[in-house]
Structure formats: C-alpha cells, structure tokens
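Chain order of the listed sequences is A and B.
The first sequence begins at 164 in my numbering and counts up by one.
The second sequence begins at 164 in my numbering and counts up by one.
I should point out that these hints are in silico values taken from the structure, not numbers from a laboratory.
A quick note: this is a predicted structure, and the numbers were derived from the prediction, not measured.
A couple of the hints might just be wrong.
For chains that are exact copies, the list does not tell them apart, and a pair is met inside one copy or across any two.
In the DMTMM-like style, the derived pairs of lysine to aspartate or glutamate whose C-alpha atoms are separated by at most 20 Å in a straight line are [as the list claims (entries may be wrong)]:
1. K223 / D312
2. K352 / E340
3. K223 / E282
4. K352 / D194
Number of protein chains: 2
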Amino acid sequence: MPKGQPATVPDDGLTTRQRRNRPLLMVHTGDGKGKSTAAFGLALRGWNQGWSVAVFQFVKSAKWRLGEQTAFETLGDLHTERGTGGPIEWHKMGSGWSWSRKDGTEEDHAAAALAGWREIQRRLAAEQHGLYVLDEFTYPIGWGWIDADEVVQTLATRPGHQHVVITGRRAHPALIEAADLVTEMTKIKHPMDAGQKGQKGIEW
Amino acid sequence: MPKGQPATVPDDGLTTRQRRNRPLLMVHTGDGKGKSTAAFGLALRGWNQGWSVAVFQFVKSAKWRLGEQTAFETLGDLHTERGTGGPIEWHKMGSGWSWSRKDGTEEDHAAAALAGWREIQRRLAAEQHGLYVLDEFTYPIGWGWIDADEVVQTLATRPGHQHVVITGRRAHPALIEAADLVTEMTKIKHPMDAGQKGQKGIEW
C-alpha cells in the first residue's frame with residue numbers, strides 16, 4: 164500500500180509537499196487487461212475530488228467503452244445538477260471529435276488522431292482540465308501519426324497542475340522515459356484462451 | 164482490442180453464447196499499481212449494466228479508498244432515486260463490517276477477515292450480487308487467515324451468474340489456477356522511486 168516512505172529523497176530543492184503535489188504523467192501499457200479500466204478508475208477518483216476530467220478516446224469504434232461513457236456522463240450530470248464531483252467531458256475519435264465540424268464519416272484516421280492531439284495541446288496550454296485520460300493514445304504514436312518527441316515535449320512543459328494518463332500497448336520508449344509512473348499490465352490468463360469471447364459488463 | 168476471435172474453441176458442449184455468458188473469476192495481482200483501480204473500473208461498468216455490485220475491502224484502514232467509496236455511494240444513490248444503474252454496497256473490514264454488531268475496535272484481524280469471507284459465502288449461495296469486488300483479498304489468504312482451497316471450492320461451485328474480481332499482490336497459486344482471467348500489474352516506474360509520496364486524487 165502506497166503510504167510508505169519513498170526509497171530516496173531527491174536533491175531537487177522541493178519540499179515534500181511541493182513534490183507530492185506535482186502533476187503526474189502516468190502510462191498504463193502491456194498486453195494485459197485493465198489499462199483503460201484502471202485509467203477510468205483514476206478518472207472516477209478525480210471526479211470525486213471535483214477535478215475537471217476529460218477523456219479522449221483514440222479509437223475507431225464509436226461503441227468502444229460505451230458503458231464507461233454512460234456512467235461518466237451520469238456523473239458529469241451530477242456535477243451540473245448538484246455540484247457533486249467535477250465536470251466530465253468524453254471525446255471519441257470514432258464518432259468524430261465532438262468539437263469538430265466533420266461528422267463520423269471521417270475516413271482519414273491519421274488526420275483525425277492528429278486533430279485530437281492538437282486539441283489536447285490547446286487545452287493543456289489553457290490549463291483546461293485537472294485530469295486528461297488519453298485512451299489508446301499509444302497507437303497513433305506507434306503508427307507515426309503523432310510525433311512521440313512532440314508529445315513528450317508538450318507534456319514536459321505543460322503549465323499548472325494537470326495530470327495525464329495514457330493507455331495502450333507498446334508505449335513509445337520516449338513516453339516511458341518521460342512518465343512519472345508506468346504500470347505494465349501483463350496477461351497471465353484470459354478467457355479467450357479458453358475459447359470464450361467478450362461479454363457485456365466485463366469487456367465493455 | 165478484445166473483440167477478436169478466440170484462439171481455440173473448446174470441446175465443452177457449450178454454444179458461443181453460453182460460453183460468453185459464463186460468470187468470471189478475475190484476479191488482479193502483481194506489485195504494480197492499478198489492481199484495485201481496475202477492479203473499481205469494472206464495478207463502474209457493472210453498475211452501468213444495472214448489476215448489484217458489492218465491494219468488500221479486506222483492509223485495516225477505514226480511510227483506504229474513501230474517494231472511490233464516496234463516488235460509488237453517489238452512484239448507488241442514483242440507483243435508489245432514479246433507477247439509474249445498479250445498487251452498490253461497500254463494505255470495509257477496517258471500520259468493522261457493516262453487518263457485524265462489533266464496532267471498529269475489532270482487534271483480531273484474522274477473525275474479522277474470516278467473518279467477511281463467511282458473509283461472502285452466504286451471499287454467493289443466495290446469489291445476492293452480480294459482481295463481487297474482493298479488494299486486497301489475497302492478503303488474508305496469504306497469511307493463512309482464510310483457507311485458499313475453501314475459497315477456490317466455494318467460487319468453483321457458486322450458483323447462477325455472479326462475477327467475482329479479487330485484487331492483491333502474491334495471489335495464491337490455487338486462485339490463479341481457478342481464475343478465468345488473471346492480469347499481473349507490474350511496476351515499471353513509480354513516483355516514490357523519485358522520492359515522491361502519494362497524493363490526493365491519484366493514490367486515494
């Protein structure tokens with residue numbers, strides 16, 4: 164459990180409080196399950212803290228994670244109606260980014276992914292959110308659609324106190340290097356190995 | 164992403180639909196972060212499906228995961244008030260199990276853990292919930308407070324359609340063997356390595 168003493172105390176001129184409150188770049192990678200699910204769990208915690216939480220899903224399918232989206236939109240409504248928790252935004256490449264004039268028929272996924280990243284850059288510069296979930300963001304980086312060094316540079320120089328969590332397999336080494344916290348989810352056993360397909364409530 | 168074809172189709176006499184809808188035993192283990200967080204992400208998805216979700220935290224601290232607890236209690240209220248999502252129950256060993264007459268001063272953690280497991284057995288037999296989150300449940304098993312073979316036997320013979328997710332480090336081999344889905348969360352990098360302590364909204 165995480166409340167132990169740090170192994171080393173760095174010589175960075177910061178107090179424990181300053182160090183504790185640094186904004187984090189977190190990466191969930193590996194071939195196992197739970198990368199996105201754990202990121203949404205973090206988003207739940209952020210919502211509870213009253214943070215502005217924004218999810219950006221770099222996926223083609225508009226149906227992907229519809230269950231989580233519905234749950235978070237309900238939580239976002241609670242913020243609007245009662246002031247409980249924080250505001251939630253959920254953006255999805257697969258249905259066309261909500262701020263874009265283009266409809267969901269956008270065929271050029273590379274251009275759509277880059278447009279998503281440009282929007283995230285604008286929001287980071289404007290300190291718009293407390294937590295950014297960049298779901299499946301490792302793929303457009305891996306495919307060369309978005310430049311890894313530019314991502315690292317933008318994240319390293321982001322102003323204020325904005326947490327970022329990035330999910331997806333095969334995270335770029337530069338991203339791993341830049342991250343404060345990296346967890347690898349490894350598949351030990353999966354129902355698909357026993358011939359079982361995904362099911363409602365578990366996989367989506 | 165999980166919607167592919169299974170690698171093998173087992174000769175178990177079940178249709179794909181029957182196999183798909185089998186209740187799952189899931190284990191999140193390993194030394195990395197995200198084990199509990201991913202389990203709570205699953206719980207969120209279960210809530211959205213309208214399942215009855217019950218969380219049992221086998222932890223000593225009554226403050227552990229207070230953020231998630233608050234968020235889930237809000238979601239449970241939404242079910243009561245509007246019929247949105249499913250009902251949520253959140254039980255914690257650290258403050259004395261809510262169904263127990265004992266107050267939070269219970270000193271015998273082994274007895275408290277076993278009492279928690281007995282209650283879970285009763286509920287499984289009664290098919291009380293759609294999803295059980297047994298958070299940090301590997302520890303009382305590892306310490307010999309709860310018998311691993313009995314746990315496996317109970318879970319293997321549970322009736323109906325009840326999903327179970329168990330979290331914690333060093334999951335017992337019998338549990339790994341019995342599970343349908345096992346994910347190991349491995350720490351690649353953690354802020355504590357750089358002398359940073361946990362912070363609100365991220366660690367709890």
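Right, here's what the structure says about each hint:
For the identical chains of this complex, K223 and D312 are neighbours neither inside a copy (24 Å) nor across copies (44 Å), given an alpha-carbon limit of 20 Å. Taking identical chains as interchangeable, the C-alpha atoms of K352 and E340 lie at most 20 Å apart only when they sit on different chains, with a minimum of 9 Å there against 28 Å within one chain. In this assembly of identical chains, the alpha carbons of K223 and E282 lie at most 20 Å apart only when taken from the same copy (18 Å versus 44 Å across copies). For the homomeric pair K352 and D194, the shortest alpha-carbon distances inside one copy (11 Å) and between copies (17 Å) are both at most 20 Å.
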